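Now for the letters of each chain:
There are 4 protein chains.
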Amino acid sequence: MKPSKLSTPEIQTALEPLSGWSHSDMGISKTFSFSSYGAGVAFAVQVALLAEKTDHHPDALTIAYKKVTVTYITHSAGGVTALDLEAAKTLSSL
Amino acid sequence: MKPSKLSTPEIQTALEPLSGWSHSDMGISKTFSFSSYGAGVAFAVQVALLAEKTDHHPDALTIAYKKVTVTYITHSAGGVTALDLEAAKTLSSL
Amino acid sequence: MKPSKLSTPEIQTALEPLSGWSHSDMGISKTFSFSSYGAGVAFAVQVALLAEKTDHHPDALTIAYKKVTVTYITHSAGGVTALDLEAAKTLSSL
Amino acid sequence: MKPSKLSTPEIQTALEPLSGWSHSDMGISKTFSFSSYGAGVAFAVQVALLAEKTDHHPDALTIAYKKVTVTYITHSAGGVTALDLEAAKTLSSL
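Chains as they are written, first to last, in numbering that gives the first Met the number 0: chain A, 0 to 93; chain B, 0 to 93; chain C, 0 to 93; chain D, 0 to 93.
To be clear, the hints were calculated from the coordinates, so they are not data collected in a lab. Warning: the hint list may mix true and false statements.
Because identical chains share one entry, a pair is satisfied inside a single copy or across any pair of copies.
[Said to hold, decoys possible] Cross-link-like lysine-lysine pairs, in silico, PhoX-like; alpha carbons within 25 Å at most:
#, residue 1, residue 2
1, K1, K88
2, K65, K1
3, K29, K4
4, K52, K1
5, K4, K65
Every value quoted in this text rests on a predicted model; they were computed, and no experiment measured them.
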């Protein structure tokens, strides 16, 4: 069964315990800050490995010097699904 | 000596032999397409390694599924410099 | 069903069309050469992404300057299985 | 000036404050353990980025599931130099 699009309140409730995630029409996203370029790139690689492992990929994964921004949305569902929230939860625990 | 900001004609002339690069106020950028997520991520890692090697980092390096977009600008010079064009040339030859 | 250990002739027949792989008690392995350190690291990252995607990881993945050596064996089967040969085939096609 | 080979006592004294490094004819090496494959690969990428940044590369960087082993030696000096110890110190602080 494919995951279905969640409502805004559902998404907000799920993001509440996680710090730094925001929600918009583009999906859910968070910018992570690092002490060095290398640490940020290493984190981005870990996000990419998780994506391949779970077969759920960020809509965008951007390295801008020491900041890495990750955005998730499930295009096939037309919005944010449980898969996106699961990925957010995992990243927040890395 | 720090590199100085180049003029738009200088930038355009330098980008001419390279394919797919465009120039705007945000700097110079190109989107590379790959046959798999893994190939794109591997390319992004190579861009990051080059950045550390040359001590010149992309302003943004974005992995959006099988597409990787790279943008260079030299903020300290307030525009695109020879360092950005050098990086563009290197990426186009990878 | 778990994959079962293959015989030496089966492994050799499967490796024949692939170039550069060798077989020993340690499993199957190949050393890939690259023109730069960055290219080798990028390849290693691609191998790691494939490992997470297929949930089958190299026994060892070694970056020694411009050479990357990959070894596969399926410890749970006590030898080389179809999963290892599948990975070898994929790497040889990257 | 090229770095010169250090004596065994010099190397041992330098490694003392760092945990887990050992010294042999192959150079200095340490095996780092991680809680996941992804975390280990991310660490290995950070080691590779540091290598490009400092232009001093590990003799070998091996990912064996959740363990990453790094070995440094300066072949041009015929042994372990201050560059290798500097890299060891940096890795231990990541």
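Against the structure, the hints come out as follows:
Proximity of K1 to K88 under the C-alpha cut-off of 25 Å is restricted to the intra-copy arrangement: shortest distance 20 Å within a copy versus 31 Å between copies. Taking the shortest alpha-carbon separations for K65 and K1, only the inter-copy value of 22 Å comes in at or below 25 Å, while the best intra-copy value is 35 Å. Taking the shortest Cα distances, K29 and K4 sit within 25 Å of each other inside one copy (19 Å), while across copies they are farther apart (33 Å). Within a single copy, K52 and K1 get their C-alpha atoms as close as 18 Å, and across copies as close as 19 Å, so both meet the 25 Å cut-off.
Taking CA atoms no more than 25 Å apart as the test, K4 paired with K65 passes between copies only; the shortest distance there is 24 Å, against 32 Å inside one copy.
The earlier numbered hints are all upheld by this structure, with none contradicted.
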